[in-house]
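Each chain, written out:
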Amino acid sequence: MDKSTLVLTEGLSPAVGFAVIIGLGIVMLCLALAVRSMIRTTDDYVAAGRRIGLGFGVGSVIAVWTWSVAVLTSAAVTYSWGISGLLWFVVPNGLAIMLLAPFALHLRKKLPAGYTITQFIKERFNNPAATAAVLAVIVFTAGMSILLNALGAVIVLNTIFGIQPLAVLLVALVIVTIYSYFGGLWTSAVTGTINTLLLSVPGAIVMLFVLAKVGGSDLVFAKVHSAGPQYFDLARGVTAAQFGIVTALGLLAVAIADQALWQKVWAIKPDRLARTFLWAGAWFYPIPITIGLLGFVGIALGVTVPDQIGDPAAIGPYVISHIGLPIPIVIMFTLVILNASFSATDGAFAALTSVVAVDIVRPLWPAMSDGKLFLITRLSIVAASIIVGIIVLLGLQFVDLLLFMFAVQIAFAIPITLAIFWSRFTATAFVLACGLALVIGLPIRLTAPEPWGTLAIFGVSLLVSVSVSLMQRREFDFRSLRERGRAPTSELATRSLAAAE
Amino acid sequence: MTPAYATAYAALVAGTIVTIVYLIVVLRGFRKSKVEMAAFGGAQLGEVQLVSEHVFKDQEDGIVWKASAGLILSGVVLWLITVNSSFWYAVPFLGLGTSIAVISAFLLDKD
Chain A
1 MDKSTLVLTE
11 GLSPAVGFAV
21 IIGLGIVMLC
31 LALAVRSMIR
41 TTDDYVAAGR
51 RIGLGFGVGS
61 VIAVWTWSVA
71 VLTSAAVTYS
81 WGISGLLWFV
91 VPNGLAIMLL
101 APFALHLRKK
111 LPAGYTITQF
121 IKERFNNPAA
131 TAAVLAVIVF
141 TAGMSILLNA
151 LGAVIVLNTI
161 FGIQPLAVLL
171 VALVIVTIYS
181 YFGGLWTSAV
191 TGTINTLLLS
201 VPGAIVMLFV
211 LAKVGGSDLV
221 FAKVHSAGPQ
231 YFDLARGVTA
241 AQFGIVTALG
251 LLAVAIADQA
261 LWQKVWAIKP
271 DRLARTFLWA
281 GAWFYPIPIT
291 IGLLGFVGIA
301 LGVTVPDQIG
311 DPAAIGPYVI
321 SHIGLPIPIV
331 IMFTLVILNA
341 SFSATDGAFA
351 ALTSVVAVDI
361 VRPLWPAMSD
371 GKLFLITRLS
381 IVAASIIVGI
391 IVLLGLQFVD
401 LLLFMFAVQI
411 AFAIPITLAI
421 FWSRFTATAF
431 VLACGLALVI
441 GLPIRLTAPE
451 PWGTLAIFGV
461 SLLVSVSVSL
471 MQRREFDFRS
481 LRERGRAPTS
491 ELATRSLAAA
501 E
Chain B
1 MTPAYATAYA
11 ALVAGTIVTI
21 VYLIVVLRGF
31 RKSKVEMAAF
41 GGAQLGEVQL
51 VSEHVFKDQE
61 DGIVWKASAG
71 LILSGVVLWL
81 ITVNSSFWYA
91 VPFLGLGTSI
101 AVISAFLLDK
111 D
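Sequence lines, in order, name chains A and B.
Sequential numbering of the first sequence, starting at 1, is according to the working numbering.
Sequential numbering of the second sequence, starting at 1, is according to the working numbering.
Please keep in mind that the hints were generated in silico from the structure rather than gathered at the bench.
Computed from a predicted model, the values in this text were never measured in an experiment.
By construction, the Cβ of each residue, glycine as well, lies at the ideal position given by its N, Cα and C atoms.
Treat each hint with caution, since some may be false.
Residues from chain A that face chain B, not an exhaustive set, calculated with beta carbons under 8 Å [unchecked claim]:
#1 T41
#2 R50
#3 R108
#4 S217
#5 L278
#6 L293
#7 T428
#8 V431
#9 L432
#10 L436
#11 L481
#12 G485
#13 A487
Some chain A residues judged to face chain B by a derived CB distance under 7 Å, without partners named [unchecked claim]:
#14 L6
#15 V7
#16 E10
#17 G55
#18 A113
#19 E123
#20 T193
Okay, the calculated beta carbon distance ranges per label pair [unchecked claim]:
#21 B:K32 <-> A:W365: 32 to 38 Å
#22 B:L27 <-> A:D307: 43 to 49 Å
#23 B:L50 <-> A:K372: 52 to 58 Å
Starting from the given sequences, assemble the full structure and let the hints guide the process.
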């Protein structure tokens, strides 16, 4: 089989595509409605009563971290860079989650009544500039997560079923908004756990049918080998310089700026924290590695940009829909991407609700009743969805936004890390490090070839953080955080806790 | 039927079994969580019961070597992809392993 034999599988009409996305949406909505009865208060909604166990923890962390664009990117980087691209993309991805284990333990121990990373920064520094900056980054990251995951759905539904991008974006947004509205973090945890099943099992089956259809792995292996030895070179220097270092730092920074992950730090049962993040990180790996093999199939088939596909990100959907696989297998692959899109989007919505409740509404109106707070928190999902929809309709460039997001997240990664672990780190150092990293690093990033811009942002952030803190000679007592944000436990809750445990 | 198709159909069967078991453990886990949340009765923002710091300290043991092992194993899998085409058939089965890991997490999650 070569590219001359590649034709779009018959029967993949837009109607089938709409049926798949709406069908999946209905399943998720049913799950959300089942979860609804578990939610009574704002705390239940944004922190799941801090009662997420190991099963839902591992399942939902894998799902929320498996962005749809990441699944597509794993095939795209293999197609573009070979195995070295997959290495630089996959290894830091899983590592970023496993590294959150010590972060989670420290944060939960130091600020047990926390909900958000912004709240931690506020309590840690008591500095409005630092708090506002982190709040902006967290909200921006959640918004970008929603946008980018909708983009993943667009690529797969447009490439395979020919559905117009705008229609996909709006349908996907409406579906996730409706089902996320009902159950908050519990919905995200339950649907995310189901999403992990629908990511891993269909992904595995689809990949094996692809290999069988194109003549077996021996044939693909031989064709990739003959296409160039660089595709099987794990230590390819050019990949590291042009793609790997930037991606690795960016991925590690994304995890640190992602409230969808921090929210789970305060929602998972305390004695399951480390295991949840270690397992989720380790068992995340097989998903992108499996899908990454599609990139090699694309190389073996001789698919080229821009003759067959407009962008390497479409290599996976293109291969799946053009090698004559049965329609159910094509639909399985579509489900993999849509699941990744839905789980990461509802995770981002859930993250936004915690930020709105804890970092925006509660500080502004501390006397507001829980009923009103609960309603506003839920409505914030609808508001976020409308704002993202408007951005989509305005036609802003996703790629520019993505690059800007990476730069901002890299600037904040070191300061947030030091704020959690280093008692001598100061508020002044935090604000200066984030600000100078962007002021100095962004112009370098815009003018110089990568990885220099990214390294500049990282370097300035680290240097300013450490040097300013050392000069200020102050020491923060983390024990002072233990009671911060903690409300007196009500009689009802105390009684219920005793009954539960 | 070629060996490649045989492997694909084997994965289909294995995937179906994994899916059924997965859904059963998720349903059981959901019922358990629902009972727990009902007994808990809900809390206001900031209401939290403090736990001993030992709970966190105990979990710090072994994080580094466990994360390192995950990292090295993922690297080994990627390396094996470059040396032996037969190994490509094993990679998707690792994908099924992700779901089996979640099943194990539910089974181990006992109070």
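Against the range 43 to 49 Å, how does the distance between the Cβ atoms of L27 (chain B) and D307 (chain A) compare: consistent or not? holds, 48 Å
If you take the shortest Cβ to Cβ gap from L481 (chain A) to chain B, is it below 8 Å? violated, 12 Å
Report holds or violated for the interface hint on L293 (chain A), using the least CB-CB distance to chain B and a cut-off of 8 Å. Result: holds, 6 Å to nearest chain B Cβ.
Evaluation of the interface hint that places T41 (chain A) against chain B, nearest CB under 8 Å: OK, holds: T41 (chain A) within 8 Å of chain B, min 4 Å.
With chain B as the partner, please determine if V431 (chain A) meets the hint condition of a C-beta pair closer than 8 Å. Where the cut-off is 8 Å and the nearest Cβ of chain B is about 27 Å from V431 (chain A), the hint is violated.
Is the shortest C-beta separation between S217 (chain A) and chain B less than 8 Å? holds, 4 Å
Against chain B, with CB atoms and a cut of 8 Å, does the hint on R50 (chain A) hold up? holds, 7 Å
Residue hint A113 (chain A), partner chain B, criterion CB-CB below 7 Å: holds, 5 Å
T428 (chain A) as an interface hint toward chain B, with CB separation required under 8 Å: violated, 28 Å
Supplied contact hint for L436 (chain A), tested at 8 Å Cβ to chain B: violated, 31 Å
Under 7 Å is the threshold here; is the Cβ of T193 (chain A) close enough to any Cβ of chain B for the hint to stand? Since chain B brings a Cβ to about 6 Å from T193 (chain A), closer than 7 Å, the hint holds.
Per the CB criterion, is E10 (chain A) less than 7 Å away from chain B? violated, 21 Å
Violated hints, listed in ascending order, are 7, 8, 9, 10, 11, 14, 15, 16, 19 and 23; each of the other numbered hints is respected by the structure.
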